[in-house]
Structures are given as C-alpha cells and as structure tokens.
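Listed below, chain by chain, are the residues.
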Amino acid sequence: AQSVTQPDIHITVSEGASLELRCNYSYGATPYLFWYVQSPGQGLQLLLKYFSGDTLVQGIKGFEAEFKRSQSSFNLRKPSVHWSDAAEYFCAVVDGRDYKLSFGAGTTVTVRA
Amino acid sequence: GAGVSQSPSNKVTEKGKDVELRCDPISGHTALYWYRQSLGQGLEFLIYFQGNSAPDKSGLPSDRFSAERTGGSVSTLTIQRTQQEDSAVYLCASSPTEGDTQYFGPGTRLTVL
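As they're listed, the protein sequences go chains A and B. Mapping the first sequence onto our numbering, position 19 (from 1) lands on 383, and the numbers just tick up by one. Mapping the second sequence onto our numbering, position 95 (from 1) lands on 103, and the numbers just tick up by one.
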C-alpha cells in the first residue's frame with residue numbers, strides 16, 4: 365500500500381536557525397512529491413513540488429527540498445527560520461498512476477525567539 | 009480572487025441534520041477534489057471529479073456522503089443525517105488536469121453537536 369511517513373510530529377527551532385523536516389514515501393515508482401504548509405485556521409498552501417528532473421527543488425518562502433530515490437525521501441529544508449514559519453507542514457505524494465494526494469501525518473513547527 | 013473558494017467557512021449543525029458544503033474551483037481547472045481533515049484520521053481523500061467523467065467516489069466513508077459538480081465548475085458535498093464523527097475540516101482542491109498540482113481552498117469547518 366502507498367504510504368507517506370513524517371517521522372517528526374513536532375519540531376521546535378530558534379528563529380534564525382536552520383530547519384529540516386523529514387519525509388519518506390513508499391511507492392513502486394517515482395511519485396510526484398509535494399510539500400504543503402498550513403497555518404492555523406487556513407487551508408493548505410503549496411511550498412514546492414517535484415515531478416522530474418533536478419532533484420533539488422526550490423520553493424516559496426526560502427524553502428527547498430531534495431528528492432533522494434535511494435532513500436525514498438523528500439526532505440524539506442530552510443537555512444534560516446523566521447517566526448512566520450511556525451505552522452504545520454505536510455508532505456504529500458501522487459502516484460504516477462493515480463491522482464489522489466496521500467498525505468503524511470504532518471509536522472508542527474514551533475519557532476522560539 | 010483567483011483561488012479556490014469554499015463556503016461556508018464554518019458550519020455548526022445538530023446530529024441527524026443534512027449539510028451542504030460548496031466549492032468554487034479555480035477557473036479553467038478541470039479536476040476537483042474533496043478531502044477531509046480530522047484529528048484522528050489526518051488528511052484523507054474523499055472524491056474526485058475530472059471533466060465529464062464519472063467521479064471517483066472511492067474515498068467516501070459512507071453512503072451518507074455524496075457530491076456533485078455542476079457544469080464542470082462548482083461542486084457541492086452533501087452529508088446526510090450527520091453524525092458527530094463527521095466533525096472535521098472539509099477541504100476542496102482543484103488542478104488544471106489530473107495528476108497536476110492541486111490548489112486548496114480555505115476549508116469548511118463542520119461541527120456536529
């Protein structure tokens with residue numbers, strides 16, 4: 365069965381520090397990969413996506429993610445976190461044969477001053 | 009506004025009542041999706057529409073749930089005889105075509121008393 369794992373439920377990071385959120389997937393082929401962010405009471409906003417090509421993708425708000433086929437991972441990174449980055453982050457995949465998004469459980473990021 | 013819109017933003021209803029949730033996708037997007045976000049289940053797929061094709065209803069949790077999409081644009085998700093376990097945030101998304109990036113609306117928070 366298809367699955368997406370975000371091992372970290374909650375991460376606390378200091379403002380200005382770097383951030384890395386982990387995502388692992390289980391699929392037979394290379395899926396389409398996404399990171400979404402959700403602020404309290406808001407919908408999901410797309411940060412970045414990977415379909416093919418360069419395995420390091422840049423997104424909005426200074427985020428980037430790297431697709432590693434050998435590790436079945438698509439980790440999200442930001443070099444310097446801002447207080448406004450406090451939110452819940454979801455990794456999601458679409459199997460190339462399917463069109464439904466399968467989401468990880470999410471990682472809540474808290475930013476401390 | 010060019011984004012996906014949903015109404016109402018909040019809905020409180022009594023157990024046993026019927027509710028209708030509305031989604032207006034991005035103009036020109038042929039694919040429309042409904043997801044549910046709840047504390048216990050995370051984000052889960054409900055139903056998918058693509059153009060004039062028959063919808064994929066495989067994610068609907070029971071026959072109390074139904075959805076339609078009129079004229080290839082606006083969609084309505086109907087929940088009949090609501091139960092307390094239906095309390096969740098219902099998210100709508102649209103994409104230019106199936107398998108492409110999905111853009112989410114702000115969601116409707118449903119509370120069943």
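Take the hints with a grain of salt, since some may be wrong.
Unchecked claim - Facing chain B, according to a computed beta carbon distance under 7 Å, are these residues of chain A, among others:
#, residue
1, GLY407
2, LEU408
3, LYS413
4, ARG441
5, TRP447
6, TYR463
7, ALA469
Derived from the structure by calculation, the hints contain no laboratory data. Being a predicted model, the structure only gives us computed values, none of them experimental. For each residue, glycine too, the CB sits at the ideal point set by N, CA and C.
Now the hints, each set against the structure:
no.	hint	verdict
1	GLY407	holds (4 Å)
2	LEU408	holds (4 Å)
3	LYS413	holds (6 Å)
4	ARG441	violated (20 Å)
5	TRP447	violated (22 Å)
6	TYR463	holds (4 Å)
7	ALA469	holds (5 Å)
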